[in-house]
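2 protein chains.
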Amino acid sequence: MAKTAHFLAESARVDEAAVQALPGSRKVYVEGSRPDIRVPFREISLSPTKTSGADEQNPPLLVYDTSGPYTAPDTDIDLRKGLPELRRAWIEERDDTEFLDGPTSEYGQRRANDPMLAPLRFDLTRTPRRAKPGKNVTQLHYARQGIITPEMEFIAIRENQRRQALGTEEVERILGHQHPGEGFGARLPEEITPEFVRQEVAAGRAIIPNNINHPESEPMIIGRNFLVKINGNLGNSAVTSSIEEEVDKMTWGIRWGADTIMDLSTGQNIHETREWIIRNAPVPIGTVPIYQALEKVNGVAEDLTWEVFRDTLIEQAEQGVDYFTIHAGVLLRYVPLTAKRVTGIVSRGGSIMAKWCLFHHRESFLYTHFEEICEICKQYDVAFSLGDGLRPGSVADANDEAQMAELKTLGELTKIAWKHDVQVMIEGPGHVPMHLVKENMDKQLEYCDEAPFYTLGPLVTDIAPGYDHITSGIGAAMIGWYGCAMLCYVTPKEHLGLPNKDDVKTGIITYKIAAHAADLAKGHPAAQRRDNALSKARFEFRWEDQFNLGLDPDTAREYHDETLPKDSAKVAHFCSMCGPKFCSMKISQEVRDYAKDKGLDGDQEAVMKGMEEQAEKFRQQGAELYQEV
Amino acid sequence: MAKTAHFLAESARVDEAAVQALPGSRKVYVEGSRPDIRVPFREISLSPTKTSGADEQNPPLLVYDTSGPYTAPDTDIDLRKGLPELRRAWIEERDDTEFLDGPTSEYGQRRANDPMLAPLRFDLTRTPRRAKPGKNVTQLHYARQGIITPEMEFIAIRENQRRQALGTEEVERILGHQHPGEGFGARLPEEITPEFVRQEVAAGRAIIPNNINHPESEPMIIGRNFLVKINGNLGNSAVTSSIEEEVDKMTWGIRWGADTIMDLSTGQNIHETREWIIRNAPVPIGTVPIYQALEKVNGVAEDLTWEVFRDTLIEQAEQGVDYFTIHAGVLLRYVPLTAKRVTGIVSRGGSIMAKWCLFHHRESFLYTHFEEICEICKQYDVAFSLGDGLRPGSVADANDEAQMAELKTLGELTKIAWKHDVQVMIEGPGHVPMHLVKENMDKQLEYCDEAPFYTLGPLVTDIAPGYDHITSGIGAAMIGWYGCAMLCYVTPKEHLGLPNKDDVKTGIITYKIAAHAADLAKGHPAAQRRDNALSKARFEFRWEDQFNLGLDPDTAREYHDETLPKDSAKVAHFCSMCGPKFCSMKISQEVRDYAKDKGLDGDQEAVMKGMEEQAEKFRQQGAELYQEV
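Going down the list, the protein sequences come from chains A and B. When we follow my numbering, the leftmost residue of the first sequence carries the number 38, and every step to the right adds one. When we follow my numbering, the leftmost residue of the second sequence carries the number 38, and every step to the right adds one.
The set of hints was computed from the structure by calculation and includes no laboratory data. Beta carbons: idealized from backbone N, C-alpha and C, even for Gly. Treat the hints loosely; a few may be bogus.
Keeping only pairs whose Cα atoms sit at most 27 Å apart, straight-line, the calculated DSSO-like set for lysine-lysine is [unchecked claim]:
1) B:Lys377 <-> A:Lys87
2) A:Lys475 <-> B:Lys475
3) B:Lys169 <-> B:Lys377
Partner residues aside, some chain A positions facing chain B, computed with beta carbon under 7 Å [unchecked claim]:
4) Glu93
5) Val334
6) Ala501
7) Ile507
8) Tyr596
If the Cβ cut is set under 8 Å, some of the chain B residues that face chain A in the computed set are [unchecked claim]:
9) Ile74
10) Leu99
11) Pro170
12) Gly171
13) Asn173
14) Ile184
15) His214
16) Thr375
17) Ile382
18) Glu400
19) Tyr504
20) Gly510
21) His553
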């Protein structure tokens with residue numbers, strides 16, 4: 038409480054350092070078919086390539102940008118006011134929603150009317166929105182009727198990485214080169230169109246999580262025929278953390294590339310923490326409602342009831358939560374299957390439900406009331422993230438009977454959700470050795486009719502606590518390649534403690550690596566442009582460009598400066614590995630210049646002849662093209 | 038020079054903190070068929086599992102140990118004296134070698150006789166050893182004659198991870214559980230015997246790098262039907278670093294698990310630096326002799342000659358280098374194939390040879406004198422690491438014509454080396470997107486007749502400078518699974534600067550993760566025991582055991598203590614993620630206890646019946662088994 042009060046006293050501005058644009062970058066917007074479809078990108082400007090003749094321009098590179106208005110120029114963010122309601126007009130013109138007088142959940146009303154909570158409460162007077170009676174406001178519902186929403190068009194522009202200035206023919210030869218991918222069933226089109234987005238959503242292969250009560254969010258899509266997405270978790274716990282820290286972690290996480298954020302709070306003031314996060318989040322927010330429901334019954338799992346849970350769903354849906362993790366696949370008969378495991382049940386939600394089922398000897402209310410949950414979700418467009426409550430917590434337990442039994446049930450629930458036009462993705466493990474990762478992915482596609490898969494890692498070994506961002510980053514990259522749509526990050530503190538801001542950043546960057554590696558391997562159109570632009574900068578010793586094209590320019594620059602701190606080294610045509618005396622890149626440039634001069638890129642015989650003829654000349658040149666800086 | 042003098046003044050002791058045993062561990066030796074075959078292991082002792090009845094003992098776990106005598110109890114290491122000559126008797130009893138009067142290389146003699154170098158020189162008066170005239174002293178030569186050397190027996194014991202105390206039946210059920218691997222052609226036996234080691238070496242599928250002039254080394258094997266190995270690089274450069282730092286990096290690297298060390302020095306006093314490293318290294322040392330040869334001709338590649346190179350090979354072979362990287366596959370006609378690449382030639386050795394070939398318009402002396410190089414290697418048992426001078430430096434250039442052309446030539450050279458009974462492994466890239474990794478591995482096996490593959494990463498994307506231990510760790514784990522025998526580490530400073538000790542450790546741990554993940558996926562017998570032991574400790578909240586079973590106990594403990602610093606938290610039956618109020622592991626334990634009590638592990642019907650009968654009892658129990666600590 039003390040910390041929160043302190044936070045509110047401080048005018049609720051975000052940390053300046055955290056919101057300025059990344060180095061060498063500026064926010065640009067690409068306009069769609071109407072002026073209010075303005076899709077944000079980060080434009081990285083590049084310096085020209087020095088040649089013996091005229092400088093060769095390198096076109097700026099546009100990259101996907103999750104950071105929202107925080108990195109826009111002249112932004113004056115006031116966390117008390119929240120972000121602008123980007124999607125408000127789109128929602129309203131569909132004319133299928135209405136404002137409520139206030140929260141309709143019992144708990145939401147109680148919190149709103151508790152004068153003790155005033156100092157914690159978000160400033161804005163906000164009225165929740167809900168579907169008009171009989172209406173279904175999900176993007177899946179629209180998609181199935183053949184409607185391309187502004188959200189879908191926004192996404193089509195956003196996913197289209199090729200939108201950017203073109204360079205010279207030689208630059209384009211390099212930047213445009215892309216290895217054909219191996220999709221494992223992914224069908225990536227040459228051009229991602231609004232109609233393609235609609236089709237994928239309609240087929241259930243992709244979801245657009247955007248609650249009508251979270252109009253601040255910039256639309257994004259989760260599906261295996263799009264860019265692989267990543268999620269970052271935050272949330273206070275009984276042990277530590279404050280609202281201030283959680284909002285701070287959210288803005289920090291999206292700065293480095295989190296596509297969605299899950300608020301997993303289990304401690305004090307969950308309701309108010311969530312309100313602060315949603316109002317200030319340009320990305321979808323997911324939650325695990327059972328966590329809060331458990332708090333409401335004082336942590337006693339067996340005291341949970343459908344009524345408490347239902348009220349929690351409505352409370353959160355009216356705040357604007359974009360997707361709910363629901364562990365409805367933990368069936369009573371699956372629980373004993375975990376008894377002989379090395380690590381039993383490791384999902385919090387799964388263990389809560391297992392305990393409830395055992396205690397009452399009944400199927401859980403999540404399962405028995407699943408259609409009613411669908412009814413709630415379709416009034417707000419909350420997507421399902423069907424939780425894997427029986428996921429393995431060790432490689433020993435990977436792909437076992439309990440896990441697969443639950444996955445089949447999640448597949449059955451998917452069909453029920455689709456009957457209601459509610460969007461669904463499926464959560465996956467966890468801990469899986471490399472050779473079992475593909476089997477897990479394939480079974481998910483089979484059992485769940487290609488609904489998007491959303492996995493935590495998986496960790497491919499258990500022997501490296503302190504490095505589980507890496508053990509899991511390996512599995513994440515692989516399962517992304519095999520078809521997983523979103524990867525839930527893991528930080529270095531996994532299994533050990535709560536992540537701080539550094540850990541959050543490390544987790545995000547590791548997962549951006551995994552997701553991008555998967556995009557390359559799948560052959561997402563133009564994913565390789567960024568690699569090629571960076572490699573070209575590296576080869577040409579454009580150090581600043583190399584830093585700025587990377588996922589973390591600050592760390593790259595810092596590492597470089599540790600060995601060669603002088604500013605002049607940033608334009609040096611050598612690096613600290615070999616030093617100025619000898620450099621492979623330099624020699625390679627000489628080879629290239631030599632070949633170019635002599636036209637040595639025709640057939641092999643001509644090449645050899647040309648080389649022979651020119652060898653003497655080369656000897657006479659002396660060959661030191663390197664210019665001391 | 039100043040730094041080196043300082044080093045020598047300080048009695049040349051290693052840093053105490055760096056050589057003590059890892060927490061909870063002690064060095065143990067397993068004896069072979071003769072008393073001087075004593076194979077080192079690290080024994081991690083574990084605390085008992087608390088149960089409602091008597092404590093259940095957890096047997097100690099033996100793990101592979103690369104750290105040599107440094108972590109042995111009561112070790113008094115004096116770097117000036119070097120390590121004991123473990124293999125001396127084995128070499129001598131074969132009676133096929135003889136001592137030389139001194140270095141036979143011209144350069145070695147010059148350095149030995151230069152009074153100016155006295156302060157830099159290693160203390161020990163050492164006489165190099167060489168094969169008697171007409172003798173071949175390679176392990177491959179012995180293996181092909183059916184001889185099982187002590188080195189081979191040593192290795193068989195070392196690779197056998199199952200040698201350890203056994204626990205109770207329940208503990209063994211958990212520790213012994215192993216997912217059958219997918220070997221991609223790897224043929225892992227249930228038990229690794231000395232005869233199996235011999236067969237693999239004889240077939241050329243594995244190598245034992247141990248120069249007769251490096252008797253200090255503990256034998257190890259590199260081959261895809263054994264544990265995946267990792268290499269750590271060190272070496273001074275023209276820009277920075279001293280002998281002291283390099284020796285320090287070596288002892289640091291093997292502490293964390295480097296199986297071999299490559300000394301890539303390019304700066305001052307390469308000869309003396311190497312001597313210090315070899316005399317103190319319990320692991321094989323590799324070099325790239327062309328680096329030093331280039332220094333001898335003042336960095337002018339075109340001035341390199343066969344004579345200078347040959348003298349360098351003999352100089353280094355007589356110091357005890359265990360494997361040579363030789364870029365003999367860079368043929369003149371392949372050089373123009375790199376001209377249109379995004380990143381040209383990025384291998385230092387490759388670019389040196391390319392420049393030489395272009396300048397002289399001839400095939401390199403490495404290629405034309407390859408049989409003479411074999412003649413040298415077989416007199417000392419130096420193994421080849423045939424360098425990939427044309428490896429791709431970006432994902433754009435992966436698996437291209439230049440790379441594959443060179444790989445085929447390396448295959449031809451392999452056959453020549455084998456004709457001389459010289460051991461060979463093949464170096465590989467580099468930068469390769471995930472979906473091309475397997476193709477690269479498969480081509481290597483095909484072109485090089487299953488000689489072991491030794492790759493740098495590969496990096497699966499280029500967009501994360503500062504995190505290339507991770508981008509490459511992903512590719513390393515995958516190629517290890519597909520059959521790569523050794524993985525050359527990459528540190529976070531790759532492409533940016535020279536690694537410091539922290540970077541070396543991070544690189545090593547990342548690569549131990551990749552190698553172990555590969556061992557699991559391949560199904561190396563008993564590799565999963567360590568995962569299972571750690572997961573069991575995690576499930577039972579044996580925090581200290583969880584830390585100590587990990588690859589980096591220090592970091593795990595530090596991370597844990599950041600959130601829950603009190604000592605009592607180390608025995609707490611909860612962790613900081615959920616706090617004491619609710620804990621999934623705790624509930625899971627309750628489920629397990631419940632199932633066990635009721636005998637719920639029979640068939641499904643009985644289970645359901647049992648559960649129903651007992652549900653009321655469970656409700657009455659209250660179920661809070663958790664004991665406050």
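Evaluation of the provided hints:
| no. | hint | in the structure |
| --- | --- | --- |
| 1 | B:Lys377 <-> A:Lys87 | holds (17 Å) |
| 2 | A:Lys475 <-> B:Lys475 | holds (15 Å) |
| 3 | B:Lys169 <-> B:Lys377 | violated (49 Å) |
| 4 | Glu93 | violated (14 Å) |
| 5 | Val334 | violated (11 Å) |
| 6 | Ala501 | holds (5 Å) |
| 7 | Ile507 | holds (6 Å) |
| 8 | Tyr596 | holds (4 Å) |
| 9 | Ile74 | violated (28 Å) |
| 10 | Leu99 | violated (14 Å) |
| 11 | Pro170 | violated (38 Å) |
| 12 | Gly171 | violated (39 Å) |
| 13 | Asn173 | violated (35 Å) |
| 14 | Ile184 | violated (36 Å) |
| 15 | His214 | holds (5 Å) |
| 16 | Thr375 | holds (6 Å) |
| 17 | Ile382 | holds (4 Å) |
| 18 | Glu400 | violated (12 Å) |
| 19 | Tyr504 | holds (6 Å) |
| 20 | Gly510 | holds (6 Å) |
| 21 | His553 | holds (5 Å) |
Going down the numbered hints, you'll see the structure goes against 3, 4, 5, 9, 10, 11, 12, 13, 14, 18, while the others check out.
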